[in-house]
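Sequences listed follow chains A and B, in order.
Be aware that the first sequence starts at 1, since it is given in my numbering, and climbs by one per residue.
Be aware that the second sequence starts at 1, since it is given in my numbering, and climbs by one per residue.
Any given hint could turn out to be false.
It does not matter which identical chain is meant; a pair holds if it fits inside one copy or across any two.
To be verified - In the PhoX-like style, the derived pairs of lysine-lysine whose C-alpha atoms are separated by at most 20 Å in a straight line are:
(1) LYS266 - LYS253
(2) LYS83 - LYS126
(3) LYS364 - LYS253
(4) LYS364 - LYS74
If you are wondering where the hints come from, they were derived from the structure by calculation, not from laboratory data.
Number of protein chains: 2
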Amino acid sequence: MASSILSDCSTARLLPLRRALLQQRVPCIRPCPALASPRRLFAAARPQLLPRPPRMDSVPAAASSAESADASAKVIDGKLVAKQVREEIAVEVTKMRDAIGIVPGLAVILVGSRKDSQTYVRNKKKACEAVGIKSYEVNLPEDSSEEEVIRHIASFNSDPSVHGILVQLPLPRHMNDENILNAVSIEKDVDGFHPLNIGRLAMQGRDPFFVPCTPKGCMELLHRYGVEIKGKRAVVIGRSNIVGMPAALLLQKANATVSIVHSQTKNPEEITRQADIVIAAVGVANLVRGNWIKPGAAIIDVGINPVDDPESPRGYRLVGDVCYEEASKVAGAITPVPGGVGPMTIAMLLSNTLESAKRIHKFK
Amino acid sequence: MASSILSDCSTARLLPLRRALLQQRVPCIRPCPALASPRRLFAAARPQLLPRPPRMDSVPAAASSAESADASAKVIDGKLVAKQVREEIAVEVTKMRDAIGIVPGLAVILVGSRKDSQTYVRNKKKACEAVGIKSYEVNLPEDSSEEEVIRHIASFNSDPSVHGILVQLPLPRHMNDENILNAVSIEKDVDGFHPLNIGRLAMQGRDPFFVPCTPKGCMELLHRYGVEIKGKRAVVIGRSNIVGMPAALLLQKANATVSIVHSQTKNPEEITRQADIVIAAVGVANLVRGNWIKPGAAIIDVGINPVDDPESPRGYRLVGDVCYEEASKVAGAITPVPGGVGPMTIAMLLSNTLESAKRIHKFK
């Protein structure tokens, strides 16, 4: 069963990084409690998936005492924040409709019949309906040509009732993601994956048209829980185009001092331990242990990794990139998995769609 | 006299960061030797320009012993490397001309009559001629309109003998830099400042059309001096759109673990001291002291700051962002100022112009 991260389209792109990290085969001296269930078939079958061993001797003194006192981090409740955000969006959508008669519209293009993609698209549609955003859907067969997909994108590009366009990833193998994603008009690219958008995100004095949904959700959680960012040390673990990299750019735009930890980083735990804010988006179950965390740090865990669990009715359960049980004793605040960043991604997609409609129709 | 960095067009953009750093007014306990000349009018007139004091007690042991032994870093000779690069480009230009009859062309647009800008443009023209690149120049009066400048850009965009277009910065105040720079065709944007280009630089699996010249020069120096980058800790000081930010993206693309230090960073010396590679591009004379440097680190100093010097015939001399005298005793390798990154910027502009001509004419 593959690890993945919450942004549903990311699995394929994260695999090389995940593979590289897993090649750091370190024997597991003390397993992460979250993985130490008696019938953990997953770990038994894939010993290399075991996380790095904790080095308790190198945990800062404050962390040890925090751990011994069994201190508990504030839980950053993504489900609750996402609900608030959706309610705020619903109010805005109604206001806009009443004032200028325009309803924001989101178009989703799904190619093929992957069950997971169908579920994601269904969820997005439901979420749109719940806040009053109109959703449009095109389902194309697996063997469609790139040209067909691009034709549909072009049609949505010129459709004034559509303010956001989303191509559900992954696309079938015979298609070139770049060609297809580049066909989405920059003004309607609510995913924010276009390089022009990323460039504007990276530059001082420029603003992106859209902030990619998952990193935007991470920032929203930090803001809503009053986590100060300016002048703080931040570490982003993972540098994917859709989460890690844009998250690092956002933290920097908010004036944090940012370091990016990735598969080639030699001492990730040491660097992570310096951070007041950690965003983990690497797709490796329980990689970040308690002794990686600076006492009091805010931890945003983007990972959502299924690990086999025969005791669960589904045969597996979901864990993050951070060993929650250990980290929550050291951190000041932490997102759970599930229920942390996950619900925020769709909420931010709705937020981007509303933002787009407002911009296109100059509604404030 | 204003500080600036080597990329001649950067002064205006760097000022806010410089100002912020200078606001960290720390009394100078032991002045940097490079600034401690008896008749240093500059420092006397502007006491806030004094660099932060060294904290010798916190210099790593190895650094202290290196200093006491008066160890000397290898000098990274930018003048020499730039000469080599220009010679290589000249060979390539000749090859191309002989094979397909095409000569790379660079167009420079200068608006107004700033003396420094005129000098830069003249130098670029000379450098082009020396390697066989054809240069085109347009001089427009200070009071030209944005539309006039854009019209000239459009004409060069469609001119097949022009492969690179450069708008000399700073532009007159009544013009919007963004509008003008965005008018340059992405295929001819040899400066590499376009956000689409920066986005492609930031993304994994994408390549920029052009790497911005000064950061490209920094990387070329590291490569030619055999400095290993993959897996190393790198710190970039400064996050300007034209040097710091793209330099950080390049280091990350080369698999370093990168941290960016800027005006809001609380402990820049502590973070810098962890780095195997430092790129300083902040425009503050001698900011980086010997005790900021990890023993053996490679230091690329992009700063070129004039400090008053009545003993010099010009009344001033140039120093970098790094206190060379101190740092060269601790570092493993270091660029001097002048003669380090400076000569590389124009060499990389020629390299980008050649690259563009090769790409447009599919010449390998």
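Okay, the hints, checked on the actual structure:
no. : hint            : in the structure
1   : LYS266 - LYS253 : between (26 Å within a copy, 16 Å between copies)
2   : LYS83 - LYS126  : within (14 Å within a copy, 63 Å between copies)
3   : LYS364 - LYS253 : neither (24 Å within a copy, 39 Å between copies)
4   : LYS364 - LYS74  : neither (35 Å within a copy, 58 Å between copies)
Hints 3, 4, counting from the list given before, are not met by this structure.
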